[in-house]
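Novice: One-letter residues, chain by chain:
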Amino acid sequence: DIQMTQSPSSLSASVGDRVTITCRASQSISTYLNWYQQKPGKVPELLIYGVSGLPSGVPSRFSGSGTGTEFTLTISSLQPEDSATYYCQQGYTTEWTFGQGTKVEIK
Amino acid sequence: EVQLVQSGVEVKKPGESLKISCKGSGFAFSTQWIGWVRQMPGRGLEWIGIIYSGDSGTRYSPSFEGQVTFSVDRSINTAYLQWSSLKASDSGIYYCARQTPYGSGNYRAFAPWGQGTLVVVSS
Chain A
85 DIQMTQSPSS
95 LSASVGDRVT
105 ITCRASQSIS
115 TYLNWYQQKP
125 GKVPELLIYG
135 VSGLPSGVPS
145 RFSGSGTGTE
155 FTLTISSLQP
165 EDSATYYCQQ
175 GYTTEWTFGQ
185 GTKVEIK
Chain B
126 EVQLVQSGVE
136 VKKPGESLKI
146 SCKGSGFAFS
156 TQWIGWVRQM
166 PGRGLEWIGI
176 IYSGDSGTRY
186 SPSFEGQVTF
196 SVDRSINTAY
206 LQWSSLKASD
216 SGIYYCARQT
226 PYGSGNYRAF
236 APWGQGTLVV
246 VSS
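Chains as they are written, first to last, in my numbering: chain A, 85 to 191; chain B, 126 to 248.
Calculated Cβ distances over 12 angstroms to all of chain B for the following chain A residues:
hint: 1; residue: T104
hint: 2; residue: S112
hint: 3; residue: P164
hint: 4; residue: V188
hint: 5; residue: K191
Straight line, CA to CA, 30 angstroms or less: simulated DSBU-like cross-link-like pairs of lysine-lysine:
hint: 6; chain 1: B; residue 1: K148; chain 2: A; residue 2: K123
hint: 7; chain 1: B; residue 1: K212; chain 2: A; residue 2: K187
hint: 8; chain 1: B; residue 1: K148; chain 2: B; residue 2: K212
hint: 9; chain 1: B; residue 1: K148; chain 2: B; residue 2: K138
hint: 10; chain 1: B; residue 1: K137; chain 2: A; residue 2: K123
hint: 11; chain 1: A; residue 1: K126; chain 2: B; residue 2: K138
hint: 12; chain 1: A; residue 1: K191; chain 2: A; residue 2: K126
hint: 13; chain 1: B; residue 1: K212; chain 2: B; residue 2: K138
hint: 14; chain 1: A; residue 1: K191; chain 2: A; residue 2: K123
hint: 15; chain 1: B; residue 1: K144; chain 2: A; residue 2: K126
hint: 16; chain 1: B; residue 1: K212; chain 2: A; residue 2: K126
Derived, one-sided and incomplete: chain A residues facing chain B with beta-carbon distance under 8 angstroms:
hint: 17; residue: N118
hint: 18; residue: V127
hint: 19; residue: P128
hint: 20; residue: Y133
hint: 21; residue: G134
hint: 22; residue: G137
hint: 23; residue: Y171
hint: 24; residue: T178
hint: 25; residue: E179
Worth flagging that the hints you see were computed from the coordinates, not collected in a lab.
Think of the CB as a built atom: it goes at the ideal place given N, C-alpha and C, for glycine as much as any other residue.
Take these sequences, add in the hints, and give me the full structure.
Specialist: And the structure:
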C-alpha cells in the first residue's frame, strides 16, 4: 500500500502568515491527491481535489501544488478560522490512504 | 442537498456484534461508491474501505479486511458497517462519505461526509 507522510506534524503561525504543509507519497500517485480540513470536534471536509482543484465554497487563500510523490498545501494568508488539522489523501490506487495529519494552530 | 446521516452513539461490550448505518439523500444513491473512515480518539483518519451501492462490490483496506463487513440496502438508500465480534480497539468515530467525482470525473474525493458514529467498546 502507498504510505502518505505529512510534515510538519504541527505548526503555529500568526494571522496573515503564509503557511505551507508538505505531503509525500511512498510511490508516484500522479495528481491523485486530495486535502481535507478537520476543525476541532467537527467532520472532515474536502478542501482540495486533484492536487489543486478547489471545490465550490473553499476560499481562494487555499491552494495546492505538486505531482508524483511530493505535494504542498498552501494557505496564503492564515485566518483564525483556519485553525484545524489538515490531511492529505491519495486516490491513485483502489485502496486510498491518508496522511497522519498536520495540526495548524493560531499564535 | 446532498447529505449522509449516520446512526447514533453505540456503547457495546467486547464480543458483541454491531451494525451502524449511513443514509444518503439528495443524490442517486443506487449508483454510488460509499466509503468508511475510522478516527480513533485523538488520532488521524484511516481508510477502512468502500462499497458500490449498485452491485455491492467492495474494497477493504488490508488493515480492516476480515474485521468488518460492508453492505447496502438500495431500497432505503442506506449503507452499513458491521462487526461480528467487537474489540476494545474498535472504539472510535466511524464516518461514511460519498466518493464524489470532480474535475470532469477525472478525480474522486470524499464529499460530503456523514456526521460520524461514535462507537465505544468497553467491558
